[in-house]
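Engineer: Single-letter residue listing:
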Amino acid sequence: MNACAMRPAFNRDKIMHQIQCPWCGVRDEAEFQYKGDATVVRPADDADEAGFFRYVYLRDNPKGWHTEWWHHVAGCRQFVKVVRNTLTHEVAATGTPADTLQVPES
Amino acid sequence: MANTPIRNPLDAVTFTTAEYQPDIVLSDVRGKSFCQLMARRGKADELAQRMGISTAPGQSTVTEAYTALPLSPGQWLMIGDGGRDGEFTQTITGQAGDAGYASEQSHARTLLRIQGLLAYDVLAKGVRLDLDPLHVPVGFVAQTVAAQVGLTLHKVDDQPTFDLIVYAGFAESFWHWLVDASEEYTVDTTVIDQG
Ligand SMILES: [Zn+2]
Numbered sequence: 001m002n003a004c005a006m007r008p009a010f011n012r013d014k015i016m017h018q019i020q021c022p023w024c025g026v027r028d029e030a031e032f033q034y035k036g037d038a039t040v041v042r043p044a045d046d047a048d049e050a051g052f053f054r055y056v057y058l059r060d061n062p063k064g065w066h067t068e069w070w071h072h073v074a075g076c077r078q079f080v081k082v083v084r085n086t087l088t089h090e091v092a093a094t095g096t097p098a099d100t101l102q103v104p105e106s
Numbered sequence: 001m002a003n004t005p006i007r008n009p010l011d012a013v014t015f016t017t018a019e020y021q022p023d024i025v026l027s028d029v030r031g032k033s034f035c036q037l038m039a040r041r042g043k044a045d046e047l048a049q050r051m052g053i054s055t056a057p058g059q060s061t062v063t064e065a066y067t068a069l070p071l072s073p074g075q076w077l078m079i080g081d082g083g084r085d086g087e088f089t090q091t092i093t094g095q096a097g098d099a100g101y102a103s104e105q106s107h108a109r110t111l112l113r114i115q116g117l118l119a120y121d122v123l124a125k126g127v128r129l130d131l132d133p134l135h136v137p138v139g140f141v142a143q144t145v146a147a148q149v150g151l152t153l154h155k156v157d158d159q160p161t162f163d164l165i166v167y168a169g170f171a172e173s174f175w176h177w178l179v180d181a182s183e184e185y186t187v188d189t190t191v192i193d194q195g
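Each protein sequence line maps, in turn, to chains A and B. For the first sequence, position 19 matches number 19 in this note's numbering, and the numbering has no gaps at all. For the second sequence, position 97 matches number 97 in this note's numbering, and the numbering has no gaps at all.
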């Protein structure tokens with residue numbers, strides 16, 4: 001399937017460039033700063049160097065759904081968890097750092 | 001050592017009165033006190049109750065003594081009268097007790113005001129929020145950005161009056177943007193001294 005066929009129908013509520021901040025409401029993407037992968041987990045304190053190297057430097061580059069941090073710098077200055085499709089920019093869910101968000105099946 | 005005279009961020013600005021009834025009135029509101037009130041861990045509700053302010057996002061609490069604008073969970077921008085003598089912050093600190101603490105910001109914030117029905121049109125040129133009165137009631141508060149300047153916006157009344165609180169260092173630049181955006185209408189620019 002080519003990328004065009006995978007692109008969902010245009011839906012103003014779901015395009016990127018607008019992110020639902022749990023505190024501030026729907027805001028323009030320009031108010032946010034991308035802060036990277038929200039799925040990396042810090043290894044235990046006694047983990048070896050390779051474990052920390054992976055934690056600090058190594059990231060997947062997924063095509064499709066990705067759970068990531070967006071920092072609402074121009075608003076409440078909180079971190080927002082966002083499930084975004086890296087291919088279509090569709091945002092499936094947003095929440096606070098404590099929330100567990102459902103990731104759609106591809 | 002002599003004290004440095006107190007200056008205002010808009011000292012270099014010339015204020016003008018329109019020839020006709022203005023559509024827009026822009027004001028530099030001086031003599032306000034500002035402090036940022038933050039709850040200690042887990043004490044946001046207790047602090048809000050003690051201060052008589054709402055924990056709801058996007059909604060101001062206005063009392064005789066102060067206006068509280070929610071910034072994020074457990075954080076408010078408190079605005080009162082009195083200027084930069086620190087007294088307002090001391091009062092708020094006293095009221096907050098051990099539920100929170102206040103940091104003095106009177107030197108660091110400037111309150112600019114826009115009034116008139118066409119304020120919606122002027123703000124729409126820079127503010128990325130839908131301020132349509134159908135969606136945005138009196139008391140609405142938002143932190144956002146306009147003309148590349150971060151601001152706290154407060155809808156004070158239905159005239160409408162919007163208070164725009166910006167960092168003092170950006171106030172003059174932001175003021176020029178406001179005047180520029182208002183210029184297609186008849187505009188008065190004024191100083192309101194509440195000190
Ligand atoms: Zn926010």
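Because the hints were derived from the structure by calculation, they are not lab data. On a predicted model such as this, the values are computed, not experimentally measured, just so you know. Don't take each hint at face value.
Stated by the list, open to error - Listed below are several chain A residues computed to face chain B (Cβ distance under 8 Å; list not exhaustive):
#1 C24
#2 E31
#3 F32
#4 Y34
#5 D37
#6 A38
Built from N, CA and C at the ideal position, the CB exists for glycine as well.
Engineer: Indicate, hint by hint, whether the structure satisfies it.
Structural biologist: To see whether the hints hold, each was checked on the structure:
1. C24: holds (7 Å)
2. E31: holds (6 Å)
3. F32: Violated. Min distance 11 Å.
4. Y34: violated (16 Å)
5. D37: violated (24 Å)
6. A38: violated (19 Å)
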